[in-house]
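One line per chain: the protein sequences are A and B, in this order. Position one of the first sequence corresponds to residue 10 (my numbering), numbered consecutively onward. Position one of the second sequence corresponds to residue 9 (my numbering), numbered consecutively onward.
Some clues are possibly wrong.
[To be verified] Cβ pair distances, simulated, as ranges:
(1) A:E76 - B:D22: 27 to 33 Å
(2) A:V57 - B:R23: 29 to 35 Å
(3) B:A89 - A:D160: 58 to 64 Å
(4) B:K85 - A:G93: 34 to 40 Å
(5) A:D74 - B:A95: 32 to 38 Å
(6) A:H32 - B:A89: 31 to 37 Å
(7) B:A89 - A:T60: 26 to 32 Å
(8) B:K85 - A:F138: 43 to 49 Å
[Said to hold, decoys possible] Covered stretches of chain A, going by a simulated chain B footprint (3 or more residues, C-beta under 8 Å):
(9) 25-32
(10) 40-47
(11) 50-56
(12) 62-73
(13) 108-120
(14) 140-148
These are computed hints drawn from the structure, not numbers from a lab. A quick note: this is a predicted structure, and the numbers were derived from the prediction, not measured. Even for Gly, the Cβ is constructed at its ideal location relative to N, Cα and C.
Spelled out from the first residue to the last, the chains are:
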Amino acid sequence: MSHDHDHAPITNGDEPAAAARAHALEELLVEKGVLRREDVREGIDWLVSRTPADGARLVARAWVDPEFKQRLLEDARAAALELGLDPGPSPVLVAVENTAHVHHMVVCTLCSCYPRALLGPPPDWYKSFPYRTRAVSDPRGVLTEFGVELDDDVELHVLDSTADRDPAPAGWQRGADRGRAGRARHPRLDDRRRSARAQASALIFSRARVFAGCR
Amino acid sequence: MHDRGGWSSDAPIDRSEHTLADWELLTDALVGALGRQGVMNVDELRRGIESMPPDEYERASYYERWLYSAETILTEKGLIAPGELDARLAG
Chain A
10 MSHDHDHAPI
20 TNGDEPAAAA
30 RAHALEELLV
40 EKGVLRREDV
50 REGIDWLVSR
60 TPADGARLVA
70 RAWVDPEFKQ
80 RLLEDARAAA
90 LELGLDPGPS
100 PVLVAVENTA
110 HVHHMVVCTL
120 CSCYPRALLG
130 PPPDWYKSFP
140 YRTRAVSDPR
150 GVLTEFGVEL
160 DDDVELHVLD
170 STADRDPAPA
180 GWQRGADRGR
190 AGRARHPRLD
200 DRRRSARAQA
210 SALIFSRARV
220 FAGCR
Chain B
9 MHDRGGWSSD
19 APIDRSEHTL
29 ADWELLTDAL
39 VGALGRQGVM
49 NVDELRRGIE
59 SMPPDEYERA
69 SYYERWLYSA
79 ETILTEKGLI
89 APGELDARLA
99 G
C-alpha cells in the first residue's frame, strides 16, 4: 500500500501538532462541504455522553428477569433496543455470560472494536499493544494482573471482536486457553448476519462485572 | 505489525487512563461523521492505519493513527489534495 500524501511524521507526545492537524482537517472538510460542523459537534456530544451506565442497565435487567436474559443472550442488539438503549451502529452485538465454569475475555487484536454506545469509549489498556498481544498469548496472566484469579477448572474463552479476523466478516475467533489452538464461528451468528459487513461486538456479561466488547 | 494477537510478550499492561483531549474527541467525531456521510467506513479506517510505516505505527498514539488514516483515505478519494493540509498548517 503506497502512502501518497506527504506530511511531517506525527510523533507521539506531540499533541499540539496532532491537535492543529485535526482542527485544520475539520476546517478543510467543512469548507469543501464534505461535512457540516454540526455533524462533527453532534459526534463529540454523543461520544462524551457514553458511559458504562447503559451496559450496566442491560446486565442488571438480565439479573432480575430470566426471560430478558435469554433474549439478551440471543440478540443483544434487540435486547438493548427493547430497553430503549442505543446499541450503537454495529449490526452485530453479542452478549456472553460468565458462569462458575466458563469465563470470557474480549480483545480486539487488530485495533479497538468495543461496544462504545453501551460502555463508553474503550479504556486505554484495551487499545494498548500489550493487552492486544497478551490477551491471546497469556490470557490467564492478564487476568491475574487485573486481579481476577480463576480456578484451574474454569474454562477461559478469548473472543476476538475484530470483524475481519475470519473469512466471514462477522465471524468470531474462539481461541482456546493457550493461544490460537481453537477457531470456531460464534454459534449465535446466523447466515443472514454473516453476510453483512458487520463488526462483531461483544458485551461481556457476568454477575460481577461488565467487561469489554466492540466498536 | 498491527496484527498483535498471539505475539509473544511479557510487557505489563499499563492501566492508567487519560481523559480524551479535545483534539482526540474531534478526530473520533470527524471519522464518525465521515462514516455517517458514507465517505469512509471503519474497514477503510483500519486499512489506512495498517498502511502506516511500521515505525510510525509504533510511535503514533491511538488517535494520531486515526488522523493519519483519515488523511490517507481522504487523499485517496481525492477529497483532499496531497499536501493540502500541510499547506494550510504552514500558512
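We went through each hint and held it up to the structure:
Between E76 of chain A and D22 of chain B, the C-beta spacing of about 41 Å breaks the proposed range 27 to 33 Å. About 22 Å separates the C-beta atoms of V57 of chain A and R23 of chain B, a value inconsistent with the hinted range of 29 to 35 Å. Checked against the hint of 58 to 64 Å, the C-beta distance between A89 of chain B and D160 of chain A comes to roughly 60 Å, which is consistent with it. For the hinted restraint 34 to 40 Å between K85 of chain B and G93 of chain A, the CB-CB distance of approximately 37 Å keeps it satisfied.
One distance hint, 32 to 38 Å for the beta-carbon pair D74 of chain A and A95 of chain B, is violated here, with the actual separation near 58 Å. For the pair H32 of chain A and A89 of chain B, the beta carbons lie near 19 Å from each other, so the given range of 31 to 37 Å is not met. At about 40 Å, the beta-carbon gap between A89 of chain B and T60 of chain A misses the expected band of 26 to 32 Å. A beta carbon spacing of about 29 Å between K85 of chain B and F138 of chain A contradicts the range 43 to 49 Å that was offered as a hint.
Under a criterion of three residues with beta carbons nearer than 8 Å to beta carbons of chain B, the stated coverage of the region 25-32 of chain A is upheld, 6 such residues being counted. Only residues whose C-beta sits within less than 8 Å of a C-beta in chain B count toward coverage, and the region 40-47 of chain A has 3 of them, enough to reach three; the restraint holds. Check result for the region 50-56 of chain A against chain B: holds, 6 residues qualifying (beta carbon to beta carbon below 8 Å, three or more required). Counting residues of the region 62-73 of chain A whose C-beta lies closer than 8 Å to any C-beta of chain B gives 0; at least three are required, and the coverage claim is violated.
Counting residues of the region 108-120 of chain A whose CB lies closer than 8 Å to any CB of chain B gives 4, so the stated coverage by that chain holds, three being the minimum. Only residues whose C-beta sits within less than 8 Å of a C-beta in chain B count toward coverage, and the region 140-148 of chain A has 8 of them, enough to reach three; the restraint holds.
Checked against the numbered hints listed earlier, the structure breaks hints 1, 2, 5, 6, 7, 8, 12; every other hint is satisfied.
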